[in-house]
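Undergrad: Spelled out, the chains give:
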Amino acid sequence: MDALTTEGQPSAVDQGAVLRMTDITAGYGAEPVLCEVNLEVQLGEWVALLGPNGSGKSTLLYCIAGLLRPMVGDIEVCGVSLARDTASGKRFLGYGCAPELIPPLLTGRQCLEVYAAAKGVHEIDATVLDLLKAFAMAPLLDQFVDTYSLGTRQKLAAVLALVGAPKLIVLDEAFNGLDPASGRALKRHLRSLVEARRASVLLATHALDVVERYADRAALLLSGRIARQWSGAELSGFRSSGGTLEEAVSAASEAYLGGLR
Amino acid sequence: MLMISRTWPDRQPSLRVGWLRFSNATRRWPLMASSLALTLLAVGALVRFSPVGHAVVAAARHPIAVLTITGPFFAIAIYRRRRRLGRDRHRDWLGSLPSDLPLMIRALFGPLAGWGCAAFALLTASATAGLPFTRAASLVFAAAGGLSAAAVAVAFIMALQGRRELRVQRTAGSSKQAMPASQYAAARRPRASWATSASLVPLGYWPMARARFSERPKMRARTLVPLLLCLPLDAPAAVALAAAAVWLLTMHLLSIMVGLMRVAFAAASWLAPTGVGAARFAVAVSHRALASEIATCALLVLVAAAADHRAFHAALICGMLWTAAACLLSAAACLVALQSHSVARSLVHRWMR
Numbered sequence: 001m002d003a004l005t006t007e008g009q010p011s012a013v014d015q016g017a018v019l020r021m022t023d024i025t026a027g028y029g030a031e032p033v034l035c036e037v038n039l040e041v042q043l044g045e046w047v048a049l050l051g052p053n054g055s056g057k058s059t060l061l062y063c064i065a066g067l068l069r070p071m072v073g074d075i076e077v078c079g080v081s082l083a084r085d086t087a088s089g090k091r092f093l094g095y096g097c098a099p100e101l102i103p104p105l106l107t108g109r110q111c112l113e114v115y116a117a118a119k120g121v122h123e124i125d126a127t128v129l130d131l132l133k134a135f136a137m138a139p140l141l142d143q144f145v146d147t148y149s150l151g152t153r154q155k156l157a158a159v160l161a162l163v164g165a166p167k168l169i170v171l172d173e174a175f176n177g178l179d180p181a182s183g184r185a186l187k188r189h190l191r192s193l194v195e196a197r198r199a200s201v202l203l204a205t206h207a208l209d210v211v212e213r214y215a216d217r218a219a220l221l222l223s224g225r226i227a228r229q230w231s232g233a234e235l236s237g238f239r240s241s242g243g244t245l246e247e248a249v250s251a252a253s254e255a256y257l258g259g260l261r
Numbered sequence: 001m002l003m004i005s006r007t008w009p010d011r012q013p014s015l016r017v018g019w020l021r022f023s024n025a026t027r028r029w030p031l032m033a034s035s036l037a038l039t040l041l042a043v044g045a046l047v048r049f050s051p052v053g054h055a056v057v058a059a060a061r062h063p064i065a066v067l068t069i070t071g072p073f074f075a076i077a078i079y080r081r082r083r084r085l086g087r088d089r090h091r092d093w094l095g096s097l098p099s100d101l102p103l104m105i106r107a108l109f110g111p112l113a114g115w116g117c118a119a120f121a122l123l124t125a126s127a128t129a130g131l132p133f134t135r136a137a138s139l140v141f142a143a144a145g146g147l148s149a150a151a152v153a154v155a156f157i158m159a160l161q162g163r164r165e166l167r168v169q170r171t172a173g174s175s176k177q178a179m180p181a182s183q184y185a186a187a188r189r190p191r192a193s194w195a196t197s198a199s200l201v202p203l204g205y206w207p208m209a210r211a212r213f214s215e216r217p218k219m220r221a222r223t224l225v226p227l228l229l230c231l232p233l234d235a236p237a238a239v240a241l242a243a244a245a246v247w248l249l250t251m252h253l254l255s256i257m258v259g260l261m262r263v264a265f266a267a268a269s270w271l272a273p274t275g276v277g278a279a280r281f282a283v284a285v286s287h288r289a290l291a292s293e294i295a296t297c298a299l300l301v302l303v304a305a306a307a308d309h310r311a312f313h314a315a316l317i318c319g320m321l322w323t324a325a326a327c328l329l330s331a332a333a334c335l336v337a338l339q340s341h342s343v344a345r346s347l348v349h350r351w352m353r
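So the sequence lines, in the order shown, correspond to chains A and B.
When we follow the numbering used here, the leftmost residue of the first sequence carries the number 1, and every step to the right adds one.
When we follow the numbering used here, the leftmost residue of the second sequence carries the number 1, and every step to the right adds one.
Worth double-checking, as some hints may not be accurate.
[Stated by the list, open to error] Not everything, but these chain B residues come out facing chain A in the computed CB check (under 8 angstroms):
1. R21
2. A25
3. G86
4. S99
5. P102
6. Q169
7. R170
8. R216
9. R220
No lab work stands behind these hints: they were computed from the structure.
Don't be surprised by glycine CBs; every beta carbon is placed ideally from N, CA and C.
Build the full structure now, drawing on both the sequences and the hints.
TA: What follows is the structure, given as structure tokens:
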């Protein structure tokens with residue numbers, strides 16, 4: 001079923017970039033965290049964002065989700081500039097918030113209803129409900145969030161990101177705390193969306209095995225700048241050559257930080 | 001199947017979440033709803049039967065004074081809420097949604113609810129407790145005027161601040177030197193004696209910090225204002241000051257004890273797996289709090305003696321009893337906390353063996 005009302009949706013969305021970040025410098029107060037970041041994500045692409053703790057991955061995702069205004073530069077989501085029309089840009093976006101931020105005094109069902117109503121959705125997409133079943137969350141939906149385990153909250157956060165059939169799904173460490181079966185269900189669901197060109201995924205993660213297996217492209221963020229990118233061919237090259245992304249990331253980090261010193 | 005409502009209030013997530021939180025809380029803890037109703041009734045009774053009623057009538061004669069007092073009060077409340085919402089925007093789980101109310105409107109929710117409760121209490125008092133309706137209405141309107149003026153002033157200040165912050169950010173963003181070399185987290189000055197010796201003594205700061213948090217100026221004001229309102233209008237300033245001093249010291253004693261109890265359980269759940277001894281644990285957690293209790297009791301006795309030398313003995317006995325009770329309570333709390341958080345030490349476990 002078609003879930004999201006798409007008033008004002010540009011017709012070129014299906015062909016073009018769902019995310020275009022141009023010279024983004026952003027931070028907290030006057031302290032910049034990101035410096036001149038350029039990143040583009042095409043429709044039907046799974047991009048992984050890698051980097052050590054504090055490198056600016058979450059800050060980058062905050063900017064895309066419209067939670068943090070960049071100091072310089074522009075972000076376009078499906079051709080809509082967030083600086084000019086934040087509300088329209090957010091219609092194409094599904095952001096998986098940190099699980100600890102979901103209010104404890106709401107039930108899972110109420111959280112879904114709030115998200116869906118705010119996105120202007122008539123009904124929640126059947127595939128999302130199927131994912132809830134795969135997560136074995138159906139019996140928990142009417143319980144309060146504060147009774148959920150960390151993994152269950154993480155599942156709810158991931159499902160909230162998928163409400164409203166967004167074109168760009170932005171996830172921050174979405175597989176933390178998930179049991180293997182639920183993690184596999186989420187990865188397969190995201191992969192199916194990407195392969196059907198119904199959405200793109202931007203995932204900030206430290207799980208390099210997920211990147212090697214599922215991502216089409218990976219970008220390494222170091223000290224607020226994109227230091228290195230790996231194409232899909234390079235990522236699949238790791239699988240065939242027996243090398244690992246871990247070694248490649250480590251080498252790229254040392255080379256980049258050595259160059260800065 | 002989840003059916004989604006599409007009415008305007010339902011599409012404002014923060015509004016809807018606020019309502020859901022309230023209704024869920026009353027559903028989950030029915031006592032909360034009845035205590036809310038009881039509070040409103042108590043306010044009505046207070047207006048009817050206590051000198052507060054006289055204060056309200058006196059205030060209603062001077063609506064300009066009420067407006068002048070409520071204006072800054074609401075302005076501070078709205079400004080704090082607006083700053084907090086702006087600061088925590090990136091931690092808002094609803095922040096990525098396309099439709100939501102502006103932060104300024106959301107900052108008004110709390111003060112508006114406070115004004116609504118006050119208006120309800122005043123109008124109820126006018127209907128049931130003999131407060132003239134015109135007096136109650138003039139008070140409500142004066143407070144509404146203060147709230148409106150405060151909202152306009154805060155919106156103006158925030159607009160000015162926003163422009164200034166944007167200018168600062170643009171300058172920082174365009175500077176090539178602005179990017180820090182590595183991590184962006186502010187580096188704290190390292191302590192000279194950082195974790196060099198194993199000691200439980202720092203645990204003693206925890207209850208004091210907890211007590212300081214619970215008696216921060218905002219909370220003190222909330223308890224002190226009703227006390228001062230309960231004093232007769234013709235009470236001398238010395239009496240009011242003495243009452244305020246005694247009240248603050250008493251609240252300090254209570255908040256330290258409450259802080260000590262809460263910290264004892266929190267610290268026990270943290271340290272129980274380490275096998276720390278009960279006596280060491282109790283001394284470490286409570287020594288600073290108990291020292292502060294004794295000092296505050298001594299101060300109270302001195303204040304009582306200064307006010308009336310005949311009250312010295314009674315105050316001394318009360319102070320000693322309170323100190324003894326505090327020592328016993330803190331020891332019991334630490335022991336119970338450790339017992340309840342340690343399977344190996346629990347009485348049930350010993351009995352089973």
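Undergrad: Can the hint on B:R170 be confirmed by a CB-to-CB distance to chain A that is less than 8 angstroms?
TA: Holds, about 6 angstroms.
Undergrad: Take the shortest C-beta to C-beta distance between B:P102 and chain A; is it under 8 angstroms?
TA: violated (11 angstroms)
Undergrad: Against chain A, with CB atoms and a cut of 8 angstroms, does the hint on B:A25 hold up?
TA: Result: holds, 6 angstroms to nearest chain A Cβ.
Undergrad: Go through the hint on B:R21 and say holds or violated, using the shortest Cβ distance to chain A against 8 angstroms.
TA: holds (5 angstroms)
Undergrad: Restraint: B:Q169 near chain A, CB-CB cut 8 angstroms. Satisfied or not?
TA: Given a least distance of 4 angstroms, the restraint on B:Q169 holds.
Undergrad: Are B:R220 and chain A close enough, Cβ to Cβ, to be under 8 angstroms, as the hint says?
TA: violated (28 angstroms)
Undergrad: Would the stated hint for B:R216 survive a check requiring a Cβ distance to chain A of less than 8 angstroms?
TA: violated (24 angstroms)
Undergrad: At a threshold of 8 angstroms, is the proposed contact between B:G86 and chain A supported by beta-carbon distances?
TA: Interface hint status for B:G86: violated (11 angstroms vs cutoff 8 angstroms).
Undergrad: For the hint on B:S99, does the least C-beta distance to chain A fall short of 8 angstroms?
TA: holds (5 angstroms)
Violated hints for the displayed structure, listed by number in ascending order: 3, 5, 8, 9.
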